[in-house]
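Enquirer: Protein chains in written order, with the numbering used here: chain S, 25 to 290; chain B, 820 to 1110.
Note that these hints are calculated values from the structure, not bench results.
Don't be surprised by glycine CBs; every beta carbon is placed ideally from N, CA and C.
Be aware that a few hints might be false.
[Said to hold, decoys possible] Listed below are several chain S residues computed to face chain B (Cβ distance under 10 Å; list not exhaustive):
1. N89
2. K93
3. G107
4. I111
5. V115
6. G142
7. K146
8. V149
9. C183
10. N192
11. G199
12. N284
[As the list claims (entries may be wrong)] BS3-like mimics (lysine-lysine), calculated; alpha carbons at most 30 Å apart, straight line:
13. B:K1072 with S:K148
14. S:K93 with B:K1065
15. B:K972 with B:K954
16. S:K146 with B:K863
17. B:K885 with S:K146
18. S:K148 with B:K1065
19. S:K146 with B:K886
20. S:K148 with B:K1095
21. B:K1065 with S:K282
22. S:K146 with B:K1095
23. S:K146 with B:K1065
24. B:K834 with B:K963
25. B:K972 with B:K1008
26. B:K1095 with B:K834
27. B:K972 with B:K1095
28. B:K1008 with B:K954
29. B:K1095 with B:K883
30. B:K1072 with S:K146
31. B:K863 with B:K886
32. B:K1008 with B:K822
33. B:K963 with S:K119
34. S:K148 with B:K954
35. B:K834 with B:K886
36. B:K963 with S:K148
37. B:K1095 with B:K863
38. B:K885 with B:K1008
39. S:K148 with B:K822
40. S:K146 with B:K883
In case you want the letters, here they are:
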Amino acid sequence: MTAATDYTLAELCIVAASKSFASEGEVLATGIGVIPRLAASLAMKTTNPDLMMTDSEAWLLSEPNPLGKRGDDFVPATETWMGFSRIFDNVWSGKRHAMLGPTQIDKYGQSNTSALGGTYDKPKVMMLGARGFPGNSISHPNSFFVPSHNTRVFMEGECDFVSSIGYNPERLPRGHSLDDIDIRLVITDLCVMDFGGPDHQIRLVSLHPGISAEQVQENTGYPVHIPEGVPTTEVPTQEQLDIIAAMDPHNQRAYQIKDNPAGDRS
Amino acid sequence: MNKQMTAHEVVAQLKDGMTIGIGGWGPRRKPMALVREILRSDLKDLTIVSYGGADVGMLCAAGKVKKVVFAFVSLDFIPLEPYFRQARQSGAIEVMEIDEGMMLLGLRAAAWGLPFMPTEVGLGTDIITRNPDIKVIDSPYDDKEWVAMPALKLDVSLIHADKADARGVCQIAGPDHYMDDWYARAAEKTYVSCDELVETEYFHDPVQARMVHWERSMTTGVVPIAGGAHPTSCSQMYGFDVPHFKAYTASAKDEAGFQGYLDQYLGASEEEYQQKVGGLDAIRSIELPTY
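Turn these sequences into a full structure, and let the hints steer you where they fit.
Expert: What follows is the structure, encoded as structure tokens:
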């Protein structure tokens, strides 16, 4: 496969994020938001056809649905009912990998979807709530997508509210080991990271074209482990771009990262 | 047994300080006509247990709520519920913030007469540190610690179904009945509004009976209110009312606030409300969302 020369940052992120689903085997891939959902769809269409996906409503699909309005003659490839109560049967079985976008991610990989600032009884900004993050984080692998890599998301200190468990020894439940926690990739508009550094420190995995390790560190509120010779994030192939375009016919991906920049920023 | 009643009669059964479960999910199939009847009442100090949307936001804004038990409160396409936000940010309400699955476990524990359900969900998070009432316990079978998710016992549940007969056989024909069966089972009394009242014979077709998710002994009262889920959806009959939710959300930034919203829409009865939002035909013609 030859690398494409003309691709957007969103498309680069979709391809990079799809790698987190590549070797998962037969699990439910849940991508919340346009880029994570397209990443899961791309993986299911290419590297891992054994993946399962829902229609984001109540059915499990044999083929991912394209995003947005579909023609009246469109027939989704349903294979079983998968209402919300049954999602938890799947979550607690561990046969799932979710990719989500929390508001804060701290140095332990703990995330926050609930409340910012003030006190817990009277937060400055109330957000969604813990949602399913507590259960996801202790039950199955998870990845994060962050469309704007900055020190408000990757902040100093601990999350204002810890929605999901991370590699924090002080919060480790008795009888558990830090290795039980399974945070996979963190895909941002600057780079790909994981928590594979020393003692589960956040680690740079690849840099998007035109981005430096210094930029990543400057925009992260805690030290990033930067190994020697960090590669450039793999550039999408034309085949991947064609599949993404078919899965996203209304080009919703163009509205996910501010100003929809080109993938190569050098 | 004829369980048919009016929304007014349902709300007359409710008392200050009750714990009330509300079925549906975010902006989907909420018993909004029953919620509106509470807005018209003097009820107060309620504890609301909900996969929350505007049901929670409206009750908070109207000063009906002492405490919310929630995992999220969201309108989905408008992620942050404006009035729940205001209530939280002004410190007006107590909360029990839990995981979505923990809520399911708490409802099951209540339904099954158990004091709690063991789970690992919540460990290592602020769900445990912020909820002193949720205990972490030892297991008799292993050396790990476990969360004992307490039973979420409900005085009353309010649910909206597609169809029901007067004996309390309720059908949810849309693609997901969410946790409504567990809300029905976890409550002392369950009142169900329905878009259509049908004869019992309707369910003699097994295809229809298959979409009945709890047995009628769990249903206390049935309230026929066509369009009663508006502005939330009742898939496959109607979608959620996007312009209405936008106006509702915008009202939170107006000087008149929620009172302005109520003055514009609530009315003295569901008939008046429906006239103000364009009538039943308009509700029933709202397009279903594409996910």
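Enquirer: At a threshold of 10 Å, is the proposed contact between V115 (chain S) and chain B supported by beta-carbon distances?
Expert: This interface hint holds because 6 Å falls under the 10 Å limit.
Enquirer: Do the alpha carbons of K1095 (chain B) and K863 (chain B) lie within 30 Å of each other, as the hint requires?
Expert: holds (26 Å)
Enquirer: Given the hint that K146 (chain S) pairs with K1095 (chain B), test it: the Cα-Cα distance must not exceed 30 Å.
Expert: Roughly 35 Å separates the two Cα atoms, so the pair is violated.
Enquirer: Would the pair K834 (chain B) and K886 (chain B) pass a check requiring their Cα atoms to be no farther apart than 30 Å?
Expert: holds (15 Å)
Enquirer: Between K148 (chain S) and K954 (chain B), is the straight-line Cα distance small enough, at 30 Å or below?
Expert: Holds, at about 28 Å.
Enquirer: Sort out whether K886 (chain B) lies within 30 Å of K863 (chain B), counting only the CA atoms.
Expert: With Cα atoms ~11 Å apart, K863 (chain B) and K886 (chain B) stay inside 30 Å; holds.
Enquirer: For K885 (chain B) and K146 (chain S), compute the direct alpha-carbon distance and say whether it is at most 30 Å.
Expert: The given pair, whose Cα atoms are some 14 Å apart, holds under the 30 Å limit.
Enquirer: Given N284 (chain S) as an interface hint, is the shortest Cβ-Cβ distance to chain B below 10 Å?
Expert: violated (21 Å)
Enquirer: Straight-line Cα separation of K1008 (chain B) and K954 (chain B) no greater than 30 Å?
Expert: holds (28 Å)
Enquirer: Once the shortest beta carbon distance from K93 (chain S) to chain B is found, is it less than 10 Å?
Expert: holds (5 Å)
Enquirer: Are C183 (chain S) and chain B close enough, Cβ to Cβ, to be under 10 Å, as the hint says?
Expert: holds (8 Å)
Enquirer: If you draw a straight line from the CA of K1095 (chain B) to the CA of K883 (chain B), is it 30 Å or shorter?
Expert: Within the cut-off at roughly 23 Å; holds.
In summary, the numbered hints that this structure violates are 12, 20, 22, 24, 27, 36 and 39.
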